[in-house]
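Undergrad: Letter by letter, the chains look like this.
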Amino acid sequence: MLSLDDTISAISTPVGDGGIGIVRLSGPQSEAILRRLCRPVRLGRRRPFESHRMFYGHVFDPESAEVIDEVLAVLMRAPTTYTREDVAEIHCHGSIVALNRVLALTLRCGARLAQPGEFTLRAFVNGRIDLAQAEAVLDLIRAKTDAGQRLAMRQLQGALSEHAAEIRSQLITALAHVEASLDFPDDEIPSLDIASALHEVEAQLGRLIEGASKGMVYRNGLRVAIVGRPNVGKSSLLNALLRTDRAIVTHLPGTTRDTLEEMLNLRGVPLVLVDTAGIASSAGLVESLGIERSCRELETADLVILVLDGSQVLQSEDFRIASLIGNKAAIVVVNKMDIPLMAEHERILPELSHICLSALTGVGLNELEEAILAVVFAGGAISSDPLLVSNPRHVDALRRTLDHVSSAAALQSSGAVASIRCDCEDILAFSLRAAVTALGEITGETVGEDVLDAVFAEFCIGK
Amino acid sequence: MPDRTYDVIVVGAGHAGCEAALAAARMGASTLLLTMNLDLVAQMPCNPSIGGPGKGHLVREIDALGGEMGRNTDRTFIQIRMLNLSKGPAVRALRAQADKRLYSLSMKHTLEHTPNLDCVQGTTERLLVKDDRIAGVVTQLGRAYAGRTVILTTGTFLAGRILSGESSYDAGRAGEFSSVGLSGCLRGLGFELGRLQTNTPPRVDARTVDYALTQPQTGCESPLYFGHGTEVDPLIIDGVAWLNPVFPVTQQTQWRPQLPCYLVQTNELTHQVVRQHLDRSPIATGAVAGAGPRYCPSIEEKILRFPDKRSHQVFLEPEGFATSEVYVQGFFTSLPEDVQLAMLRTIPALATARIIRPGYAIEYDFVPPVQTSATLETRRIAGLFLAGQINGTSGYEEAAAQGLLAGINAARQVQGRPAVILGRDQAYMGVLVDDIVTKDISEPYRMLTARAEYRLLLRHDNADVRLSPLGHELGLVSATRHAKVEDKCQSTQSELARLERTWISPTVAATVLQGAAPDELRNGVNALQLLRRPEVDYNQVALLAPPPESLPPEVSEHIAIEAKYQGYIDKQREEVERQARLERWQLPPDWDYGRVLGLRAEALEKLLRFRPATVGQASRIYGVNPADISLLLVHLRRTGR
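Taken in sequence, the protein lines are chains W and S. In this text, residue positions in the first sequence follow the numbering used here: the first is 1, and each later residue adds one. In this text, residue positions in the second sequence follow the numbering used here: the first is 1001, and each later residue adds one.
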């Protein structure tokens, strides 16, 4: 639920922009959170956390004491700040992964992940910015929530949502039992082994979080593999996409010399573009190693862009590569439209959309971007990796869900309580509700009527 | 034309009407209470019980705020119990079985002895409205009464229709006329009306029950009251002489005579009878208009929806000390009388039962409260307030709570004072009103503790702390009572502080910890920490560290709960704080939502329909999401609100 009185946190630079990323906090807890996470070094005669003064130091995990990144940080006390609230900024130097970990730490220390445009919203509500800027806020909220929501919906149709929905329904069942026994003490409510149900949920949540925090499946965008035989213009297409004004971001070296990864923020949708080595059948040994990797990239990609050379007639390699795509989400790009078209490209994968463009002149790039977004929002490009938790918001929500489930489980099993008398089903319900609420940040559902619906659907309430 | 103008006219003398009239009159407003039948004020047409989880909380709050329901119940109950005793302090709740006749009689006595209050018998036929402002009412006989405000508490009377088997007829309750004119009048004024349904079980003759085949449920051994610390004289001083000897009482409670309830079960034969006659049930065939309540389904619905359940509980509840009528709780039905009898007689304890009053279903008009603001005043007609079942709620307690609030707000309006709206963090009454003005009503609304997101703050033990200061300020709670509540707060604070200062050695602590002290206690603890342990109660701590003077039990209970639950209570208070600014942020009543660019169509439609009073309310409307609220805030701020 929206609030104006808590502390919000977000990465305030575009995803992957340059070598520096900023985690920004605003709200009453900003200073406390900064002090918990950030240890200044080499202050000289300056006092730590002096307002509006940048200092150098380290961000560390307060639980494990592990150093996450070396940073520049600044605390700006209200009211002379962007939002007129206490604001803290942590400028990270490390990778996008480090940036995400710093963000996750601020969330664990009590901040809430900001909604799109929320800093600006606060700035406006607190009288910091004027009418013209307000219009921009409206646009921002409208645009980002639309794209963001649709993207979230897509992600939700993947496996994470299935997991979350499954966990949620187990929690709702447990909660419905507790609520029914609280509100209908004279009715016959069948008993449920809540302790085992909660331990089961704890284990499931643990697996999801573990997967995410080990970075095994931690990803920051949809993987888009650019494939095609050599010299059709894959690299120039990649560069052309990155050259567009809102594009470039980091230069992550590819895992081998044969693939190159680039991050691209396409109208708020983070993409990882993977330029694969050319796939050709008549290749030497070194190149065929690269080709093997390219095929693997093709397999793990969420979306494939097949590049054809429009200035040449189609070759058998083009058809062979097209056959490797299988039923993956894909787009066919016919490059080199600045010179006369020779290829009868309609013969290849005619059911897909074909975009004719020139990576050299930039003609047709917009159409390609539209096509990519169309595929993304149509849901075709979302991976079905069962443990994909790619979003720090989700990891954070899962972690808080687990905390609440564990405290609920502790009430059930702690020896002291069980041997005397539970005496605290109201607290049990409180913890379960908090867990469902936290999980709801992933599934987009709040706790409300559905608990009562479950009560009335499952139990014959009659007195 | 009328010779005088009342400040407040209350139409209907049920639980909402009585509270409304008493509150207004006690606050100094000249008040008229108009009812169809003065012999039937504060009737309990359905179950004879008051309280239970959620509902009992409401009654405590009504009492703390200066209402009558709690004390009136205390004067007249035949049994009282504390429910959920072992499930945690937030959900502990009282439930009493009332003597229906005495309840009514006692309430009538109170009404008739309240200054500023006239009780008059008359059927209100239409409302007098001038320039979208209420001006008074006119009765069936053409008599006009002028009023500055009017509170409608029509219960199930608005175009009420009773259904029982194949027959149906117009009625407000069994044996009473329905109110048809008023329904039409409201429609004529432009109100949208909806239809709801509810049902009531048969009553059987106590002399035809075989009690040996029942399981008695007795009342509490020690005194319990809804009222806060006021000495209550039971209306039946010499109660034992009144007790109907037909009800077996194995052991009478010492502090006050009580009657048990008796539990029996349906069986496969009962269910067979129901199944054979489903075609004669207007509920099962859908002949009843409107949605019925899910929490007290008819016996035919129970058997249809839960075919695997082999038996259902049925509670036989005496309707009073002296009467022979027994309410068959759990046996709600719209089946015809002959089937009702056949069903009942399949239960061994009721094998020779005789029905005194058959059960029936009733459908009635209500005014969906999207048309009402959180002060319970309608948005369409200024000065017209609605309370109780007319707002789509169900239950005596829910009705009384709204009646009290409507009475308060009508009187405040006449006196030119600001309206009283209770927060969701302040009272179940606040949850109730906020729910009905921000949600669509699809079944009669009943209070449940599950509806309160700040349940740990809204407890039985602190209703007085939460509401009596306000009640005192309104003129509804006496100075003596108010001082007592202030004492309670004071003692709680000082005792908690004292406990925190008092050190207890590990050896002493071990005496109450049942076994060796855990590691964290090895260096000793303060008394407050000791009290927070689940296995320790206040009396044990008070023995180890005696307070300067011993505290009354209701205070020590409050202290123990505040101490043990502090962590959770603090969390809930933080949640309340987070929402505070949005809850306070007023939305202008005539706000042009169409000009808020970017609102989704669904959000726009809902906001226009519900017209929330605050941003907080807007955020609780189903179909309005946080992004919509952000847009709203920007727009509000931009136009300088």
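No wet-lab data here; the hints were simulated from the structure. Careful: at least some of the hints might be erroneous.
Quick list of in silico lysine to aspartate or glutamate cross-link-like pairs, EDC-like style, CA-CA up to 16 Å [stated by the list, open to error]:
#1 S:K1439 - S:E1605
#2 S:K1439 - W:E449
#3 S:K1309 - W:D187
#4 S:K1571 - W:D403
#5 S:K1571 - W:D6
#6 S:K1309 - W:E188
#7 W:K328 - W:E351
Residues of chain S placed beyond 12 Å of chain W at every Cβ, according to the derived structure [stated by the list, open to error]:
#8 G1054
#9 A1093
#10 D1205
#11 R1379
#12 L1448
#13 E1453
#14 S1478
#15 A1497
#16 E1535
#17 A1580
Distance ranges between label pairs, derived from CB positions [as the list claims (entries may be wrong)]:
#18 W:Q170 - S:E1583: 48 to 56 Å
#19 S:R1609 - W:A457: 41 to 49 Å
#20 W:Q170 - S:D1039: 16 to 24 Å
#21 W:R35 - S:R1522: 27 to 35 Å
#22 W:Q170 - S:A1287: 35 to 43 Å
#23 S:A1287 - W:A457: 37 to 45 Å
In this text, a Cβ means the ideal position worked out from N, Cα and C, and glycines have one as well.
Undergrad: Far enough from chain W: is every CB of that chain over 12 Å from the CB of E1453 of chain S?
TA: violated (8 Å)
Undergrad: So E1535 of chain S supposedly isn't at the interface. Is its beta-carbon more than 12 Å from every beta-carbon in chain W?
TA: E1535 of chain S is in fact no farther than 12 Å from some Cβ atom of chain W, at 5 Å.
Undergrad: Does A1580 of chain S really sit off the interface, with its C-beta more than 12 Å from all C-beta atoms of chain W?
TA: It is violated; A1580 of chain S is separated from chain W by about 6 Å at its closest Cβ, not greater than 12 Å.
Undergrad: With the threshold set at 16 Å, check whether the alpha-carbon distance from K1309 of chain S to D187 of chain W stays at or below it.
TA: Given that 16 Å is the threshold and the Cα spacing comes to 13 Å, the pair holds.
Undergrad: Looking only at beta-carbon atoms, does the pair R1609 of chain S, A457 of chain W fall within the given range of 41 to 49 Å?
TA: Since the Cβ atoms of R1609 of chain S and A457 of chain W sit about 28 Å apart, the hinted range of 41 to 49 Å is violated.
Undergrad: Run the C-beta distances from A1497 of chain S to all of chain W and say if the shortest one exceeds 12 Å.
TA: Since the minimum Cβ distance to chain W is about 24 Å, A1497 of chain S lies beyond 12 Å and the statement holds.
Undergrad: Hey, is D1205 of chain S genuinely clear of chain W, shortest beta carbon separation above 12 Å?
TA: holds (22 Å)
Undergrad: Mind checking the hinted window 35 to 43 Å against the Cβ distance between Q170 of chain W and A1287 of chain S?
TA: This hint holds: roughly 40 Å between Cβ atoms.
Undergrad: Would the least Cβ to Cβ distance between G1054 of chain S and chain W come out above 12 Å?
TA: violated (6 Å)
Undergrad: Go ahead and decide if the range 27 to 35 Å is satisfied by the Cβ distance of R35 of chain W to R1522 of chain S.
TA: Taking Cβ atoms as reference, R35 of chain W and R1522 of chain S lie about 31 Å apart, which means the hint holds.
Undergrad: Is it correct that the beta-carbon of A1093 of chain S has no partner in chain W closer than or equal to 12 Å?
TA: A1093 of chain S not clear of chain W: closest Cβ-Cβ about 8 Å, inside 12 Å.
Undergrad: 48 to 56 Å was suggested as the range; check whether the CB atoms of Q170 of chain W and E1583 of chain S agree with it.
TA: violated (33 Å)
When the structure is compared with the earlier hints, violations turn up for hints 8, 9, 12, 13, 16, 17, 18, 19, 20 and 23 and for no others.
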